[in-house]
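So the sequences go chain by chain: H and G. Read in the numbering used here, the first sequence has 249 at position 249, and its numbers run on one by one without any break. Read in the numbering used here, the second sequence has 1344 at position 344, and its numbers run on one by one without any break.
Treat the hints with caution; some may be incorrect.
[Claimed, not checked] Mimicking DSBU-like on lysine-lysine, the simulated pairs with C-alpha atoms at most 30 Å apart in a straight line are:
1) 1174/G - 1125/G
2) 1125/G - 1220/G
3) 1361/G - 1202/G
4) 181/H - 1220/G
5) 1300/G - 9/H
6) 139/H - 245/H
7) 181/H - 1297/G
8) 1329/G - 1356/G
9) 1350/G - 9/H
10) 1125/G - 9/H
11) 1300/G - 181/H
12) 106/H - 1433/G
13) 1321/G - 9/H
14) 1297/G - 1329/G
15) 181/H - 1329/G
16) 181/H - 1433/G
[As the list claims (entries may be wrong)] Simulated coverage check for chain H against chain G, where a stretch passes if three residues somewhere in it have a Cβ under 8 Å from a Cβ of chain G:
17) 96 to 110
18) 165 to 176
19) 184 to 191
20) 199 to 211
21) 274 to 281
In short, the hints are calculated from the structure, not lab data. Every residue gets a Cβ at the ideal spot worked out from N, C-alpha and C, and that includes glycine.
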Amino acid sequence: MITMDVILKSLNEVGTTVLYVLIGTAVIESIMYVVLVRLLKWRYAMPVMLLTPAIIGLGALVVYPLIWEANLSLTNMSLRRFRNYEYVGFENYVRVFTEPVLKTIKFFPLFGQTLLWTVINVVFHVVGGMILALLLNRKMRGRGLYRMVLIMPWAIPQVIAVLAWRSEFHYEFGFINIILKNLGMQPVSWLLDPTANFAAMCITNIWLGIPFMMVILLGGLQSIAGEYYEAAEMDGASGWQRFWKITVPLMQPVLAPSIILGTVWTFNNFNVPFFINQNELETSDILVTGLFRAAFQYNRYGFSAAFAFVIFAILVIYSIFYLRATGTLKGIRD
Amino acid sequence: MMEVLNKRYSLPKVYFRKNTYLILFPEEEKMSKKLLTLLSVLMIAVFVLAACTPAATPAPEEQPTAEDAPTQVPAEPTAEPVMEEVTIQLWTKEGETDGGLQYVQSLTDAFTAANPNVTFEVINKEVETLREDFQTASLAGNPPDLLWTVSDHAGPFTTADLIMPVDDLFDMSKYVESVQLNGQTWAVPISSGNHLMLLYNKDLVPTAPADTDEMIAVAKSITSGDTYGLVFNQTEPFWLAPWLGGFGGAVFAEDGVTPTLNTPEMVATLQFLYDLKYTDAIMPAESDYNGADTLFKEGKAGMLINGDWSLADYKTVLGDKLGVAPLPKVTATGLMPAPYTSGTYFMIPKEVAPEKMDYIKAFVEFATNLENQTTMVTTLSRLPGLVEALSIPEISDDPILQGSAAQMSFGTPMPTVLEMRCNWDAMKPEQIKVLADQETPEDAAAAMQAAADACIVSLE
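In isolation and in its complexed conformation, chain H is listed as follows (with noise of 0.2 Å):
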């Protein structure tokens, strides 16, 4: 139960670290105010100081974390070399590839489970974000109830919607397995079986992302201007026609941006492989969880650093070249 005690104490926790944040600052930039503006008298001072506080904050919580993990992944860390760890240069990236990075399954197999996991559920967060974005796209009666009940999923905390979902996956007490004997059907062995499981994930998950694809799409598709679909319409283009030659081409600044987000987000997707795959199936396992269990379950803190960054490449390479075949980038550098 939340107390006045427990209320004053996270006061009290998150009071302090922003008052030593607003202390740090404030000393930061009278001294930077000092240098720059009084003695340099420098034409940049102010952007200078304004960017400051964000780049020591990024520093900390972002640069400095990535140096460590770096150290981390040239050293054998794990728990029975906890404090005395020793450097063994690039030795765990040759591992990664070589070995188990689970119980039994190597580095490629698990890549490939992880594309299959990615290319299954953008293709139909992008397909059924789509159908639904259209239908929403004309007019008709309750239309904002009919957005709203859909973007729902988007809006439950996705570990709870997940952990949900997976009490629905129960063999038992599931309410897809009640439906499917209702229907005279077998059960489905959902947290167990190597297959279903994996396509109980899929199903969480693409109960979850097609919403965010929803609502994209649905902006993007009220941008273009109606005049397209008349000339269209007069020329006796049929619906097909007009949503292959109108409506695809120009959403296509729109599905590209988010398209790449949800390639990301999927591929790096933690909460849903993690909490479905309750009984730690390896075929259920894809990257990220795989990095997880290395870390934190199987202890070997050297070797996962060194994962993370193959992984951390891979994402890299993705995205550089997603945006030079898109040239999303171009008009940032004209």
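Knowing the structure of chain H, use the given hints to seat chain G on it.
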């Protein structure tokens, strides 16, 4: 030009930055400045006030009464002459469901009532999360001050040199056998047991079966529709371990660290579990912990295999219908199943601040004194860690605890070495495959051994 105009006349101020004009009317500007100043002052004041708020101190009315306090505070733990404010962060694996967390909090509240300068921050973590978080927090140099956890955590914690031995801190002769590794004791027992046993619903199973043949016969007689003869968590090897002992097997060789999973005993154990499910058909097609628990509580399962941690809950739900007995003898071998025994323990992190040490010692002794151990027996239905408390009437007069104690006498101490982690991880997927009819017991045993061996290599 614009600035000159602004100065001479009371015109709105126009600021031009790059491509943007910002127009502020004088009143608006004054107001926005005032508002901004006011907001800033308010924000800083809130944080300053919050930061200066003294740590939560227990209100007098929250002090435990004779009824709800675990005990009167003994003289020993009372504060030393130095009365500095101390906060002890205690991580516990006890959750709210069975009242464990409430019991821990009642102990800390009672201790604080007697030592107002000592406050506790009790944090509940699921068993595995506690282990992972403690390792991570230790790595970051910010571990908690005290742990209330299970014995098998001692393996990883001692390997990583994260906890301290307790031989020199406490009189360990007062307690039941504790966690021994490398010739030292690493934990103080709070409760002993943590073992599996046979729980039965007397409406369906009037008397506990003596051997596995009888168990199967009774279970068959009551299995029909959605009622099952026997349920247990089929997904965790902790439930396989007793039967392995019943077939004469063990997970480690004599040296205590070499896995012995690919053995005829393991094959026989897996075959036995397979037969219970498919040949005798006395178990549900699939059952995890919660599934088995629900079936038993709903009266849809005659027998359940579960641990002593669940007794209090089942006593509440089933009342007099609940029976507790040792797991029945394995007919094929004539051996009693040997569930792992351990318990819950206090472990003290190595990095604990020296100024907190006296209070931590005092609290551990306080929590494990006779009165509090008696309270734990009655509240949580767990067997105590204090030897003196094993003979209290609250145990000898309670048939449930008698059954639990009888089962414990057949138990075997759970290995706490780091290699056990590899065994658990190796056994789990293969056990699941056998019980899903996806693998033969022979293949499963071989796969278990291979996985455990590979895991042990990776530990280095």
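Each hint, compared with the structure:
Proposed proximity of residue 1174/G and residue 1125/G is supported: the alpha carbons are some 28 Å apart, at most 30 Å. At roughly 39 Å between alpha-carbon atoms, residue 1125/G and residue 1220/G are farther apart than 30 Å, so this suggested pair is violated. Taking the CA atoms of residue 1361/G and residue 1202/G, the gap is about 44 Å. The hint is violated against a cut of 30 Å. About 23 Å separates the Cα atoms of residue 181/H and residue 1220/G, which keeps this hinted pair within 30 Å; it holds.
Note on residue 1300/G and residue 9/H: the hinted pairing is violated, with a Cα-Cα distance of about 46 Å set against a maximum of 30 Å. The hinted pair formed by residue 139/H and residue 245/H meets the criterion: a straight-line CA distance of about 22 Å does not exceed 30 Å. With a CA separation close to 23 Å, the supplied pair residue 181/H and residue 1297/G stays within the 30 Å bound. For the proposed pair residue 1329/G and residue 1356/G, the alpha carbon gap of about 49 Å is over 30 Å, so the pair is violated.
For the suggested pair residue 1350/G and residue 9/H, the alpha carbons sit about 27 Å apart, so the restraint of at most 30 Å is met. A hinted pair counts as satisfied when its Cα atoms are at most 30 Å apart, and residue 1125/G with residue 9/H qualifies at roughly 20 Å. Distance hint between residue 1300/G and residue 181/H is fulfilled; the C-alpha atoms sit about 19 Å from each other, no more than 30 Å. With a CA separation close to 20 Å, the supplied pair residue 106/H and residue 1433/G stays within the 30 Å bound.
Distance check on the hinted pair: residue 1321/G and residue 9/H sit about 45 Å apart at the alpha-carbon level, beyond 30 Å; violated. A hinted pair counts as satisfied when its Cα atoms are at most 30 Å apart, and residue 1297/G with residue 1329/G qualifies at roughly 25 Å. A C-alpha spacing of about 37 Å is found between residue 181/H and residue 1329/G, which places the hinted pair above 30 Å, so the restraint is violated. With a C-alpha separation of about 23 Å, the suggested pair residue 181/H and residue 1433/G falls inside the 30 Å cut-off, and the hint holds.
Check on the region 96 to 110 of chain H: 4 of its residues sit with their Cβ under 8 Å from a Cβ of chain G, so the three-residue criterion for coverage holds. Taking a C-beta to C-beta cut-off of 8 Å, the region 165 to 176 of chain H contributes 4 residues in contact with chain G, enough for the three needed, and the coverage statement holds. Only when three residues or more bring their CB closer than 8 Å to a CB of chain G does the claim for the region 184 to 191 of chain H stand; here the count is 3, and the claim holds. Note: the region 199 to 211 of chain H has 0 residues with beta-carbon separation from chain G under 8 Å; the three-residue rule is not met and the coverage is violated.
Restraint check on the region 274 to 281 of chain H versus chain G: 4 residues with Cβ-Cβ distances below 8 Å, three needed, restraint holds.
The structure is inconsistent with the numbered hints 2, 3, 5, 8, 13, 15 and 20, although it conforms to all the rest.
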